[in-house]
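Letter by letter, the chains look like this.
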Amino acid sequence: MSETSKDICKNTCKIEIRGLRKSFGSNEVLKSISLDVAKGGVVALIGPSGSGKSTLLRCINLLVVPDGGSVRVGDTHFQFGQGTKAPDVKTLAKFRATTGMVFQHFNLFPHMTTLQNVMEGPVTVRRMAKADAEKLARAQLAKVGLAEKADQYPATLSGGQKQRVAIARALAMEPDVMLFDEATSALDPELVGEVLNVMQRLASEGMTMVIVTHEIAFAREVAERVVFMRDGVVVEEGPSRQVIDTPREAATRAFLSHFHRTGALPPANATP
Amino acid sequence: MYQWDFGILWSYRWLFLNGLGVTVGFTIVIVVCGLLFGLLGAFGSLSRLKGVRLIALAFIEAFRCTPILVQLIWFYYALPILAGVEMTPITASALALSLYGGSFYSEIIRGGIVSIDSGQSEAGAALGMTPGQTMRRIVLPQAIKRMIPALMNQSIIQFKNTSLVSVLAVPDLVYQSQVAAHDSYRPLETYTAVAVAYAAILIPLTIIVRRGEKRLAVSE
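If you read the sequences in order, they're chains W and L.
Heads up: the first sequence is residues 1 to 272, going by the UniProt record's numbering.
Heads up: the second sequence is residues 1 to 220, going by the UniProt record's numbering.
With the rest of the complex left out, here is chain W (with noise of 0.2 Å):
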């Protein structure tokens, strides 16, 4: 990448991310990630499993903390690798407290109501009272359709409305931007559909997100850009059409010929 491109990132870009490198032992998983993501941009990861794309996307919001490289969501930056200081755990909750993160299995609060699993973080991290922390999570259900489930556990819910749930908790925190790590593939296929929507919705209002995803269909119709990653590099990036209809490289082809291109985006009115 150019110098001035460099620059250029700097002022508009949301995410960016410089020479990432993590290993799991003798496993090396990223080699070298190089990711930019642009304000209010909607990027997806596709690839093969053990490609890495899961733990580029834990990579941007430190879950994972990477063995070399930097990492930039807005105005925090982070430098890994020798010399440098691992950040501490302070340093962590608070940046993770402005990025949302939608796992593949839900990892809802069993133990909580749907409210109080979209309560926890704003009352535990931001530290709001308790009725605001209240108003907002009531919100943010009824954003994703499920202001009427405020009072069951989410083990009375089924998996599209779980998923629902974990997206409307992580936005009650109002993070700049928003990570999925494979939100819709634990789902029954109907129920793909309704998460899906509400992530369209999401990227629509203008949320920075970066989707880690199976739904080669779903990345093509709301993603901007599409990274093709394979065993820990990035293969070939571009605008989302391109990259699915017209890929360039041999490797991209042939993890797309898995996929049939007719499956498209479900009906924006099926549900919720």
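Honestly, the hints are just simulated from the structure, not real lab data.
Take the hints with a grain of salt, since some may be wrong.
[As the list claims (entries may be wrong)] Derived coverage of chain W by chain L (criterion: at least 3 residues anywhere in the stretch with Cβ under 8 Å from a Cβ of chain L; other residues may be distant): (1) 97 to 105; (2) 117 to 125; (3) 169 to 175.
[To be verified] Under the rule of at most 20 Å between Cα atoms (straight-line distance), these lysine to any residue pairs were calculated in the SDA-like manner: (4) 145/L / 110/W; (5) 14/W / 57/W; (6) 145/L / 88/W; (7) 94/W / 121/L; (8) 130/W / 133/L; (9) 90/W / 134/L; (10) 214/L / 110/W; (11) 90/W / 145/L; (12) 145/L / 112/W; (13) 50/L / 86/W; (14) 94/W / 135/L; (15) 90/W / 49/L; (16) 90/W / 137/L; (17) 94/W / 122/L; (18) 145/L / 208/L; (19) 214/L / 155/W; (20) 94/W / 133/L; (21) 130/W / 136/L; (22) 90/W / 132/L; (23) 50/L / 88/W; (24) 94/W / 50/L; (25) 90/W / 130/L; (26) 214/L / 111/W; (27) 85/W / 130/L; (28) 94/W / 132/L; (29) 94/W / 134/L; (30) 130/W / 137/L; (31) 85/W / 48/L; (32) 90/W / 214/L; (33) 94/W / 137/L; (34) 90/W / 121/L; (35) 94/W / 136/L; (36) 90/W / 136/L; (37) 10/W / 176/W; (38) 145/L / 153/W; (39) 90/W / 120/L; (40) 90/W / 135/L.
Ideal placement from N, C-alpha and C gives every residue a C-beta, glycine not left out.
Given the coordinates of chain W, work out where chain L should sit on it, guided by the hints.
Chain L alone, transformed into the frame defined by chain W:
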């Protein structure tokens, strides 16, 4: 044929009640202190620092793998000689039983904590919680639910273990019944009554535990 005569025990009722009070009071002390040692041991054995982990492990195994009767005698007779720490029989036995119970509680608490899916702490961390907040708000409330049956079980064992303090002449129920048995020449009646007294306290407790387990099974 032996002629049972429980009526004779009536004249020792205050002795028995006294002993029962000591036994129950003792149990409360060693359960509370044992849980505190157990918490320390559990968090120590989960610490990120290797030194702390080793100390916790040494404590757990030292008390878990030696007999409680030996520990009681050791605390009372050996500590004064080796470390110059003089203790009353009550202090020595309370300390030994608390540490002994604590070593078992440690493993129960540690097991409960690690049984909670790592996705739960990840979700807490992703919201911006510190590890301490995640432990308090997310992991412990779920883990405690799973620990309760095992903790209750261990506490029942602790209650019965208090009978061993009579070797240090702590006037618990067993010690007092020894006095009564020697005095009345009726050991069969005396010890039968003691056994009944222990069971009468524990059986209602075990019923409560079993009910609790059932309720837990429903809520999970």
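Now for the hints, and whether the structure bears them out:
| no. | hint | in the structure |
| --- | --- | --- |
| 1 | 97 to 105 | holds (count 7) |
| 2 | 117 to 125 | holds (count 4) |
| 3 | 169 to 175 | holds (count 3) |
| 4 | 145/L / 110/W | holds (12 Å) |
| 5 | 14/W / 57/W | holds (14 Å) |
| 6 | 145/L / 88/W | violated (31 Å) |
| 7 | 94/W / 121/L | holds (16 Å) |
| 8 | 130/W / 133/L | holds (17 Å) |
| 9 | 90/W / 134/L | holds (13 Å) |
| 10 | 214/L / 110/W | holds (18 Å) |
| 11 | 90/W / 145/L | violated (29 Å) |
| 12 | 145/L / 112/W | holds (13 Å) |
| 13 | 50/L / 86/W | holds (19 Å) |
| 14 | 94/W / 135/L | holds (17 Å) |
| 15 | 90/W / 49/L | holds (18 Å) |
| 16 | 90/W / 137/L | holds (17 Å) |
| 17 | 94/W / 122/L | holds (15 Å) |
| 18 | 145/L / 208/L | holds (15 Å) |
| 19 | 214/L / 155/W | holds (18 Å) |
| 20 | 94/W / 133/L | holds (13 Å) |
| 21 | 130/W / 136/L | holds (18 Å) |
| 22 | 90/W / 132/L | holds (10 Å) |
| 23 | 50/L / 88/W | holds (18 Å) |
| 24 | 94/W / 50/L | violated (27 Å) |
| 25 | 90/W / 130/L | holds (7 Å) |
| 26 | 214/L / 111/W | holds (17 Å) |
| 27 | 85/W / 130/L | holds (19 Å) |
| 28 | 94/W / 132/L | holds (14 Å) |
| 29 | 94/W / 134/L | holds (14 Å) |
| 30 | 130/W / 137/L | holds (15 Å) |
| 31 | 85/W / 48/L | holds (17 Å) |
| 32 | 90/W / 214/L | violated (40 Å) |
| 33 | 94/W / 137/L | holds (17 Å) |
| 34 | 90/W / 121/L | holds (15 Å) |
| 35 | 94/W / 136/L | holds (18 Å) |
| 36 | 90/W / 136/L | holds (16 Å) |
| 37 | 10/W / 176/W | holds (16 Å) |
| 38 | 145/L / 153/W | holds (16 Å) |
| 39 | 90/W / 120/L | holds (19 Å) |
| 40 | 90/W / 135/L | holds (15 Å) |
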